[in-house]
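Student: Quick mapping for you: the protein sequence lines, in order, are chains F and S. Quick note: the first sequence uses our numbering, first residue 1, plus one each step. Quick note: the second sequence uses our numbering, first residue 1, plus one each step.
Simulated from the structure, these hints should not be mistaken for laboratory data. A quick note: this is a predicted structure, and the numbers were derived from the prediction, not measured. Beta carbons are placed, not taken as given, at the ideal position from N, Cα and C, and that holds for glycine. Among the hints, a few may not be true.
What the hints assert, rightly or not - Computed far set for chain S versus chain F, every beta-carbon distance over 10 angstroms: (1) His132; (2) Ala304; (3) Thr338; (4) Ala340.
As the list claims (entries may be wrong) - Cβ-to-Cβ under 8 angstroms is the rule here; a few derived chain S residues that face chain F: (5) Thr247; (6) Tyr249; (7) Gln250; (8) Arg253; (9) Val257; (10) Pro260; (11) Ala327; (12) Glu346; (13) Gln349; (14) Ala350; (15) Ala351; (16) Ile353; (17) Met358; (18) Arg359; (19) Glu362; (20) Gln363.
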Amino acid sequence: MLEKEWLRLEASRQGLTLSEDDLDVIAGRLQPIKESLERTRSKNTEGLEPPHD
Amino acid sequence: MLSFLPITELAKRVKSRQVSPLEIVTELLTNIEKFNPVLNSYITVCTESVLAKARQAETDISAGRYLGPLHGLPIAHKDLSWTKGVRTTAHSRTLLDFSPDINATHVEHLEQQGMLLLGKTNTTEFAIGDMHLFGKSCNPWDVSRSSGASSGGSANAVAAGLAVAATGTDTGGSTRVPSSFCGVVGVKPTFGRVSRFGIFPLSFSMDSVGPITRTVADAALMLQAMSGYDPHDPTTSSLAVPDFSETLYQGVRGLRVGIPETYFYEKLDPDIAKAMQVALSELEGLGVQLESVRLPMAADLAAAANVLVLSEAFSQHAERLRASAGAYGPKARNRISTGAFFSSAEYLQAAQIRTLWMRELEQAMKQVDVLIIPTLPFTAFSVDTWENNPPDTSWGTRHFNMSGYPAMTLPCGFDHQGLPMGMQIVAKPFDEAMMFRVGHAYEQINAWYRRKPALVGGSNA
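Looking at chain S on its own, in the form it has when it is part of the complex:
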């Protein structure tokens, strides 16, 4: 099954012409046809254009015009990212017929590396509402459960073999949470590493876009292509982008891993607590040193994050809401409108809490190379729970949107119900290479990515 191979492996086969881009695309389209009606991974599938592009890539590669390891590989973008000439809805009635004239910068970067647009994945409306128009993306490990939000379509597509790689956006955990629920790798890069130009904004100070992949090496490869300064996004950094794949195999002996004394290891599902204990013990076996770090503010960030995100979301949507509030789904309308009722003093108080948190995190990170924490304290819950009264899914993720630090989730096992559990690795700003290095070392001794959901011919056990 090509659709379950890491893209690093597919790249080797494409380069050596053992496998053609057309074979990969054809298999994925077959999987999409079969499982998308159940999983609701995609809002739009670019069947004709991706087949044509795959044929062209095959011709180019055969003729020696090989662009690099992403050439000829299909990519699924969250339907929040602008794609030239392809409908981009943000899962909103207000944008049903919107077809951008340009690509988002990260889409453009991946296209320049030869990736082929397979389709646009399901998202909650504007990454904050619900999935009321195109069905709810559900979890391939148990379709009665949520795939997480808001990049649930990207994460469930990769997990179920309906994509080999995808992108997601993350404002409070929206790439990492669905990736953890679905058992794949999800990256929130450092603020400023990847341009947000061409993504429907939610929160100017906390939005990010990153890869969702099967393996850590795949994520490193994709983030490499997505990163870099963009004159269209004034928040991007002009720092040189290091070769993330180069340091993957350096091992972890002597590295210091920070374990927060409070909050992140409290009130975990017992299976997650045990999986984290095993993972940390295995990393110790590889030579890392575990060190306690103090992050007492970690428990106090939810309100400040809400004030920042909702105020910024309202500032982005105010004009559209005034013109056509009725076209928004109720959840998106209510959540975004909530931001209209915070005062500037409250916004600044929230910003003050963020500053204090950043100082605390900076101090803690001086002691260590990375932090390791659970991505979530629970595994995927039911779609109904998601709709009506979800627990706090940003429980362990908002902290790094607020601080801008890079963070990645990767699978660290399955609970007693056969549902994936995620482990989060957090590095210092612009040190994604360290995050990938630690994640890759763990993945070499725990290849959870080889497990496939029973729904698509694998086994949850």
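The following block holds chain F by itself, in its conformation from the complex:
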């Protein structure tokens, strides 16, 4: 789970004034998108990139 503190600091670093409610909503949306992106990328790029190890 994304840490709220990270979101708070990142928002501040980018000059965004977001409330705690805003950050809760954003956290709830962000996490599933990031997880799904990683899943679909791994699935669809398998074999297209040389092994990194």
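Starting from the known structure of chain F, fit chain S onto it as the hints suggest.
Tutor: Frame of chain F; chain S shown alone:
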């Protein structure tokens, strides 16, 4: 009722002076006065100026200064498109008093063809938030239901006879989804076909603007006027724009229609599954060949589309958000701000998925002339559902914003509740003519556009 005639028919009557632009405009203004308080189609209605323009068009046409088939016909633009001297709010408190000095290019093109600005239609805030200032545009087939977003005002206006033609923008389906919900035709042209200059941007790589009309022929006519290279929009193509109306009547015998093996025909409402089966069978009867195509990535695009759109939306809005985040409605603020928290690596991963999808789609389209799929797996749901927990409305549409391919929804029937269902036709890049040709052939044997909502004197049955 002039307000329910296709614009191709109105154009004939205007040219032959059987009908005057003033009669059309007057009828539409009457409908707007009566039904806009219920439907919330319009944010701004240009009553005085459109009446004056209609009188001028009448004078010009009578004097032989006829500009062509769009001359004297009213047009409603989504309130995301800049209109010279007319308030353009994007449904946002940040722009309540914004009146542009210039027209968006597509607005200008239609004006040069003689179209008359009737008004500015309702949109979700910046095409991504909610409708919190000017009421929620609802569905004329059942006003407790959503008209779809974000071009819901344009689509419900055309469906209910509050406009004869409109424009909408489409970043993940925002022209096609409301058009499908409301039972009208909605077009997302090829990326680069129509200039986006003068439209509040959401996603630089996926935004598009297209017509929302009653018939396919109307859409072809309007897209013709809207298209073409624009030095103000570096993404527009310099390719010549073919005559989309010329090939409408060529029929479909021998054309190959691609039917994806997976995803697009899965988990459909039973009425939609049946309507699609009937539509494909009817097209087969007209001589098309149905061919299976493989698009396994189609199910895997939602996250990548979200990363691309939200990151690009944030890049467009960053300065305004920093200056006045509180002036945004909560939904627009939260959604756009989400884009601030993706890394550049995630954006590039999403771009990689898009590249792979484009390659897969290109391969599939080599086999066929068009794809046909449902626009949505469900019909319009309640306004409350839209507000609180909507299902994935870009389910069948984001794919073609990501690839830039042209796609059009047109009505393919009504479900058991009397709600419209939409069928989507997808063509190869810059082959909108093929998309219109197939859609028009279908429409000739299924004139669903003749049905009017009960709300405005028709029947949902």
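Student: Which hints, by number, does the structure contradict?
Tutor: 2, 3, 4, 5, 6, 7, 8, 9, 10, 11, 15, 17, 18, 19 and 20
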